[in-house]
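J.: Just need the whole structure built from these sequences, with the hints factored in.
Protein chains: 2
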Amino acid sequence: MHEQAVRSAVRRPRMTPDRASELLDVTLDILREVGYGSLSMDLIASRGRCSKATIYRQWGSKAQMVAAAVAALRPADSVGGDAGSLRGDLLLLFEQLGSRADKDTTMIAALHHALLTDAKLAEAFRVSMLEPAREELAGIVERAMRRQELPDRPGAAQFLPSLVWSALVARPFFEGLTADADYLEQFVDDVILPALQHS
Amino acid sequence: MHEQAVRSAVRRPRMTPDRASELLDVTLDILREVGYGSLSMDLIASRGRCSKATIYRQWGSKAQMVAAAVAALRPADSVGGDAGSLRGDLLLLFEQLGSRADKDTTMIAALHHALLTDAKLAEAFRVSMLEPAREELAGIVERAMRRQELPDRPGAAQFLPSLVWSALVARPFFEGLTADADYLEQFVDDVILPALQHS
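The listed protein sequences correspond, in order, to chains A and B.
The first sequence: position 170 = 170 (the working numbering), numbered continuously.
The second sequence: position 117 = 117 (the working numbering), numbered continuously.
Heads up, some of the hints might be wrong.
Copies of the same chain look alike in the list, so a pair counts if it fits in one copy or across any two.
Here are the simulated SDA-like cross-link-like pairs (lysine to any residue), alpha carbons at most 25 Å apart as the crow flies [stated by the list, open to error]:
id, residue 1, residue 2
1, Lys103, Thr117
2, Lys120, Thr178
3, Lys103, Glu123
4, Lys62, Gly176
5, Lys120, Phe174
6, Lys62, Phe174
It is worth saying that the hints were derived from the structure and are not from the lab.
T.: As C-alpha cells, this is what we get:
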C-alpha cells in the first residue's frame with residue numbers, strides 16, 4: 001500500500017497549495033453545515049469539484065482531512081492587543097472573537113463529539129484554536145499584573161479559557177441567541193472581572 | 001399517508017411503554033457513542049432488535065426519535081438540595097452533576113450541532129435538561145438571599161447556567177480531562193462565589 005502511494009505521488013503532480021487550501025475551506029464549510037458525522041468525502045469531492053481519489057491521495061481519510069483543515073486555521077493569532085486596561089483588553093478580545101462567533105460556534109458544535117473521541121483531531125484543534133487563545137489570555141493577565149490592576153496571579157486565571165468559551169458558546173446553546181456585544185460586556189463586568197479581582 | 005398510519009395503528013398493537021423506553025435508551029447509548037450525524041435508524045433497529053418499520057411507526061423520524069429520547073430524560077429533577085449555605089448548595093449540586101458528567105458531556109457533545117439547527121430537538125433539550133437546572137440554580141440564589149449571604153439579586157445570577165455548564169463541559173473539551181471534584185470546588189471558590197458576591 002505504502003509503495004503504491006509513493007509511486008502514484010511520483011506519477012502525478014502534487015496538488016498546489018492554493019488548491020489544497022481551497023479544498024480545506026470547502027471541508028470546513030460542509031462541516032459547519034452538516035456536522036462531523038454527516039460530512040463525507042463524497043460531499044467534499046462534489047462541492048470541491050474533484051475526484052475522491054484525489055482527496056484520499058492528499059489526506060488519507062476524513063479524520064485526517066478535517067484535522068488538516070482545523071490545523072490550517074489560526075484565527076486567534078490575529079486577535080487581542082493592549083487596550084491600556086484589563087477591562088479594555090477583555091472587551092477588545094471579545095469584540096474580535098464576537099465578530100466571528102457564529103462561524104466558530106458552529107464549527108465547535110460540529111466538532112464537539114469527534115474531539116472527545118479522536119485524539120489527533122483534538123490535538124490539531126488544541127494547537128490551532130486553543131493554545132493561541134490561552135496565550136493571549138495569559139498575556140492579558142500578565143499586563144494587568146504589571147499595571148497593578150491585579151495584585152497577584154489570581155486563582156481564576158486558570159479558568160479564563162473556559163470562561164471565554166462559555167461566554168461565546170453557551171448562549172447559542174442555551175437560548176438559541178448569539179452572544180452579542182451587550183451580553184459579552186455584562187459577562188466581563190459581572191463574572192470575569194470579579195473573579196480575577198478576588199483573591 | 002395519515003390515514004394509512006391510522007389504519008396501521010389500529011391493525012397492530014402499540015408498543016408497550018417499557019419497550020418504547022428501552023428503545024429510547026438504546027438511542028441515547030448509540031448517540032453518545034457515534035454522535036448525532038452517524039446515528040441511523042438501522043443502528044437503532046439492529047441494537048434494539050426490532051424492525052425499522054416499528055421504529056418509524058412509533059417515532060416518525062430520527063429527529064423525532066432523538067427528541068423523544070431527550071425529552072424522556074429528567075436528570076436535573078433529582079439534583080440539588082439545601083445544604084445550609086450558598087457554597088454548600090453549589091458543591092452539592094456539582095457533586096451530583098459531576099458524578100454523571102462523563103455521560104452528560106458526551107451526550108451534549110453528540111447533540112451540540114443538531115441543537116443549533118433543529119428547533120424541535122433544541123426545545124426538547126431545553127425543557128428536559130436546561131430548565132430544571134436553571135430552576136435549581138435560581139433556587140440556590142433565592143436561598144442565599146434569604147440567608148443574607150447575598151445582599152441582592154446579583155448580576156452574575158443570569159450567567160449561572162452557562163457557568164455550571166462551562167465547568168462541566170469545558171475541561172473535557174480543552175484538556176481531555178474529566179471535571180473532577182477538586183477542579184469543580186476550585187471553580188466554585190475562584191469563579192462562581194466571587195462573581196455572585198460582587199455587586
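J.: Could you run down the list of hints and mark each one as holding or not?
T.: Hint-by-hint comparison with the structure:
1. Lys103 <-> Thr117: both (23 Å within a copy, 13 Å between copies)
2. Lys120 <-> Thr178: Between. Shortest inter-copy distance 19 Å satisfies the 25 Å Cα cut-off; intra-copy 30 Å does not.
3. Lys103 <-> Glu123: Close inside one copy (20 Å) and across copies (22 Å); limit 25 Å.
4. Lys62 <-> Gly176: between (29 Å within a copy, 22 Å between copies)
5. Lys120 <-> Phe174: So Lys120 and Phe174 pass the 25 Å test across copies only (14 Å; inside, 29 Å).
6. Lys62 <-> Phe174: between (30 Å within a copy, 22 Å between copies)
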